[in-house]
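Between the sequences and the hints, there should be enough to build the whole structure, so can you do that?
Number of protein chains: 4
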Amino acid sequence: MQQDEMFEQLINFWNNSMPFNQLLGLKITRFDAQKSEIRFAWDDKLIGNPMQKILHGGVTASALDLAGGTVVAANVINKLAEITPAITQQCLSKIGTIDLRTDYLRPGRGEEFIVTSHLIRNGSKVAVARMEMHNELGEHIAFGTGTYMVG
Amino acid sequence: MQQDEMFEQLINFWNNSMPFNQLLGLKITRFDAQKSEIRFAWDDKLIGNPMQKILHGGVTASALDLAGGTVVAANVINKLAEITPAITQQCLSKIGTIDLRTDYLRPGRGEEFIVTSHLIRNGSKVAVARMEMHNELGEHIAFGTGTYMVG
Amino acid sequence: MQQDEMFEQLINFWNNSMPFNQLLGLKITRFDAQKSEIRFAWDDKLIGNPMQKILHGGVTASALDLAGGTVVAANVINKLAEITPAITQQCLSKIGTIDLRTDYLRPGRGEEFIVTSHLIRNGSKVAVARMEMHNELGEHIAFGTGTYMVG
Amino acid sequence: MQQDEMFEQLINFWNNSMPFNQLLGLKITRFDAQKSEIRFAWDDKLIGNPMQKILHGGVTASALDLAGGTVVAANVINKLAEITPAITQQCLSKIGTIDLRTDYLRPGRGEEFIVTSHLIRNGSKVAVARMEMHNELGEHIAFGTGTYMVG
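Chains as they are written, first to last, in this note's numbering: chain D, 1 to 151; chain H, 1001 to 1151; chain V, 2001 to 2151; chain C, 3001 to 3151.
Hint data in this document are derived by calculation from the structure and do not stem from the laboratory.
The beta carbon of each residue, even a glycine, is placed where N, CA and C say it ideally should be.
Just to be clear, a hint being listed does not mean it is correct.
Claimed, not checked - Straight line, CA to CA, 30 Å or less: simulated DSSO-like cross-link-like pairs of lysine-lysine:
| # | chain 1 | residue 1 | chain 2 | residue 2 |
| --- | --- | --- | --- | --- |
| 1 | V | Lys2035 | D | Lys125 |
| 2 | V | Lys2027 | C | Lys3027 |
| 3 | V | Lys2125 | D | Lys94 |
| 4 | C | Lys3045 | C | Lys3079 |
| 5 | C | Lys3094 | V | Lys2045 |
Stated by the list, open to error - To give an idea of the chain H side of the interface with chain V (calculated C-beta under 7 Å), a few residues:
| # | residue |
| --- | --- |
| 6 | Asp1103 |
| 7 | Leu1105 |
| 8 | Ile1120 |
| 9 | Val1128 |
This is the structure:
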């Protein structure tokens, strides 16, 4: 199986079968070992404080965590000598977030939010990703750093 | 106005009028300057990975952030010389999460989740809280540390 | 070899042969799988800002990192079926700090500083420790959370 | 007084009168509101583990904290309407590290270490900086994120 084909399948699965991602409207829009991307649209149900009409901090953390996990997963698959659904699934089942730091920089306002992630540590047991969230105007909303178990 | 009365009003408002908290089922069950508490029940929509049936990491981060913000808010009100709805609202509007670290210790499994928080820094501009999340069996699921703007 | 004997040897080695710990005067005063402890005395060379006469933030981070690493090491040895110098050395060589969060709560003033650590995650690949630093008056100076590679 | 002149004075003061920076050999080599830089040379006294001959994690944290504090200080001065030694000193005395996350990516080996920092949050009360440490070969040794009190 080609890597591209597997990536395509995973995007479809993650976008359509992960309950919490669907609840929040998080969509993987780029699944790549160099840089991955998540997007989601403003929705009133994501509001933390109704008086200020800004995203709940947990929404931001959820999107950062998913973006970090996505780039980590792409790197794990990238290292496989052979790609089969069974091997891929086994490898992905070992991935888990160990810790996540979220830096909230500006109030979460906007119509669309874009989270990008790249890897800063690519080990056989532990990987570390850095993430950034902007809105559609290019304003930095948040940064993140996540440490993930990979093996 | 008595502090108890104000705390009661805030619990009601936060439990019933914060869209994202309602979406996740997060309930403030203790609002106190010494120790605050959030509880929420398992719900399939909170699942991150449908194969492992565990909470999405963002759910945990959301609950930790709310628990930290709650104990911070209780301390801010605790310092007020006079408690009126207008003064309280003005003070609370200044509270915001600066950064949040979440440590995921065990898979998020259980029927009910209990998050407690206490303050480790109680400044006039910045406060820091530490949080712990357990399930109904007393298993530690996660720890957190949050830095909050307060003034 | 008994575990006590090995712990004794490690305390001696770490207190007397680790250049940077010696430079700062950091001493392991308790080496234990439940709770470990580091102590160090005030020294003018540890000053960050000469006008405020407080510890450099890096001194605090150094002490927290050592305290976390010590309790992690005690747990790694604790799990060994057989304790020999060679096995112990091999296991300890795999320990490394992945990430460290330091929360500076109060200015670093005092005559002696005591850092305690305990484990919150005790995995076969990754361990997580939480640390606290007080001065001799019992004032909380700092908290920390460290994630360590162990296998 | 010109900003350049004040920056020059501060570099001299920080490089020559801060005891712990001198002990470690940390030198500010760029003091700038856009990007600041710290450099230091390998020295055996900075060794954490004598068997592996790598930097103590506390050395890395110290350098990251200084780099972050330097870019924060440059921004604080940058905002001043008038620069006098008294006003500058008063502003700088309010700067303090609230929390610092260090991500250790590779063993601290090299002849020279270069730490760069830039601001990701530039508030009137709180600033956040991100830092990177490389060795002279361009290898990434560590990343950091620091939250600083500024007002």
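Hint check:
no. : hint                  : result
1   : V:Lys2035 - D:Lys125  : holds, 26 Å
2   : V:Lys2027 - C:Lys3027 : holds, 28 Å
3   : V:Lys2125 - D:Lys94   : holds, 12 Å
4   : C:Lys3045 - C:Lys3079 : violated, 39 Å
5   : C:Lys3094 - V:Lys2045 : holds, 22 Å
6   : Asp1103               : holds, 6 Å
7   : Leu1105               : holds, 5 Å
8   : Ile1120               : holds, 6 Å
9   : Val1128               : holds, 6 Å
Violated hints amount to a single one, hint 4; each of the other numbered hints is respected by the structure.
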